[in-house]
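Chain by chain, the residues run as shown.
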Amino acid sequence: GAVVSQHPSRVICKSGTSVKIECRSLDFQATTMFWYRQFPKQSLMLMATSNEGSKATYEQGVEKDKFLINHASLTLSTLTVTSAHPEDSSFYICSASGGFQETQYFGPGTRLLVL
Amino acid sequence: GNSVTQMEGPVTLSEEAFLTINCTYTATGYPSLFWYVQYPGEGLQLLLKATKADDKGSNKGFEATYRKETTSFHLEKGSVQVSDSAVYFCALRRDSGNTPLVFGKGTRLSVIA
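In order, the protein sequence lines correspond to chains A and B.
The letter at position 54 of the first sequence is residue 54 when you use this note's numbering, and the numbering goes up by one with no holes.
The letter at position 27 of the second sequence is residue 27 when you use this note's numbering, and the numbering goes up by one with no holes.
If you are wondering where the hints come from, they were derived from the structure by calculation, not from laboratory data.
Take these hints with a grain of salt, some might be off.
[Stated by the list, open to error] Listed below are the simulated DSSO-like cross-link pairs for lysine-lysine, each with C-alpha atoms no more than 30 Å apart in a straight line: (1) A/K14 with B/K77; (2) A/K64 with B/K77; (3) B/K105 with A/K64; (4) B/K77 with B/K105; (5) B/K77 with A/K20.
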């Protein structure tokens, strides 16, 4: 099946720094990408929906200035956690969809730990 | 709003036991329903799906039937294997492939030999 990669898989950073997470669709063009956040033993919570070439749509309660999303091409979306704080520590997962009836394919996730 | 409720785990079974993981949903209209599986250290993989009432999704011995009257999509497998140990997520999608999924909390399954 289709493959979605994320990089890095794990990152540890100091409080106040910014972290960029990449999500790539490796063998298909992703018109839409989604970013989710997963806390331990919790469900995946949608953060934002990203369509190629347009601004991301953020879910209520998600700060767009803190979680910057860029979807510059049909195979790459990035999530930048700006001025990260310990409460931003979480598991971030992206998924990509190729179109109207397409299945969403998930990346393996990025575990962020902010010290 | 749309939501998914699935049974809390962890679920521990012996090899060859019968598995049921309950999932119910709340949604407007006619959502598509999914089961995703997350093996240790890996991303979510689509296990099966159903797009309309009475459809049965099946894959790798797992199956689930879209029951609109009970708003349920329970996952079943007749004989589990150790390799089925993973976290299983029930999810719905209201519209097209370009709309996000709404997930349940996940159920961790451990199968012991």
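(Q) Of the numbered hints stated earlier in the document, which are not met by this structure? (A) Checked against the structure, the hints that fail are numbers 1, 2 and 5, while the rest are satisfied.
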